[in-house]
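J.: Sequence:
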Amino acid sequence: MSETPIVPDSQHRGLIASLPPSLRDYALLARFDRPIGTWLLFWPCAWGVALAGGLPRDVYLILLMGLGALVMRGAGCVYNDIVDRDLDARVERTRARPLASGRVSIRAAWNWLFALSMVGLVVLVQLLPLAQFVALASLALVAAYPFMKRITWWPQAWLGLTFNWGALVGYAAVTEALTLPALLLYAGGVFWTLGYDTIYALQDIEDDALAGIKSSARALGRSVTRGVAVFYTLALACWAGALALALPGNLAAPLLLLPAALHLGWQTARLTGADGAAALRLFRSNSVTGALIFLALAAASLL
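Numbering-wise (the working numbering), the sequence shown opens with residue 53 and increments by one.
No wet-lab data here; the hints were simulated from the structure. Note that this is a predicted model, so its numbers are computed, not measured. The beta carbon of each residue, even a glycine, is placed where N, CA and C say it ideally should be. One thing to keep in mind: the hints can contain errors.
[As the list claims (entries may be wrong)] The calculated label-pair distances, taken between Cβ atoms and stated as ranges, are: (1) L310 - D138: 39 to 47 Å; (2) A195 - A229: 23 to 31 Å; (3) G118 - A167: 17 to 25 Å; (4) P73 - V111: 31 to 39 Å.
[Unchecked claim] Computed cross-link-like contacts, SDA-like style, restricted to lysine to any residue with a CA-CA straight-line distance of at most 25 Å: (5) K266 - L213; (6) K266 - A195; (7) K266 - R86.
My request is simple: use the sequences and hints to build the entire structure.
T.: Next comes the structure, spelled out in structure tokens:
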């Protein structure tokens, strides 16, 4: 990686910039200024609903899960920053975060986390019982995630397990069951996240080495482009399998994934030699990937 200016962790633009400084820090703590994380948490939820045949009748359910993704991603970020505040202070890109910089107290952060979680609870109680149970089970993954970068070279894999759990929730919210297609959909999401979060980790690879923070980008080293290509290929294979099992006899259904495959191929081709800013752009483009997968699943449900 060539040396380039550090990409800022927070963006004070639009509505966030217009907030008073005290409120702005809470918005930044929940990453409301960086909506890409909400999209990446939301799309697997929407995939689950689509694969289960919930479209078009369950549009309200998808909107409900959009709200859940917004607040629970925010809650997860607050929790992550509480745990990581010392590490964040040692990384150039993250040292200005509200907790790492001391602008928000630990007690205030816990209160904000509780408030966001209460909104998530309102969403939770509107789901079917199995979906509620599946959603609650994800809390163990969320609680453990901030510690993964301290104990494994593959915290991105744990993030994949966590961030794509919504695929199971969305599927169970429609069918009140979990079948092999749902599990394959989830597995595809895990590999997808392993790919895009490896790209994201390239921004901090030098600071992470100095701070002793482990990541898949560091583990892969010069093979990072090849690794991301493998992860994306496995993701597509799992998604194709999910469609093939959900729509037996419809050989054309997996072909609906072609636009997403081309987009992931474009990402991989652009990755070689990418600097921090370029890596961030490629990472953010995965909101498009999520939308393309959703459109493929929605179209398949209409076949």
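J.: Now look at each hint and say whether the structure bears it out.
T.: Evaluated hints:
1. L310 - D138: 39 to 47 Å: holds (45 Å)
2. A195 - A229: 23 to 31 Å: holds (27 Å)
3. G118 - A167: 17 to 25 Å: holds (19 Å)
4. P73 - V111: 31 to 39 Å: holds (38 Å)
5. K266 - L213: holds (17 Å)
6. K266 - A195: holds (18 Å)
7. K266 - R86: holds (23 Å)
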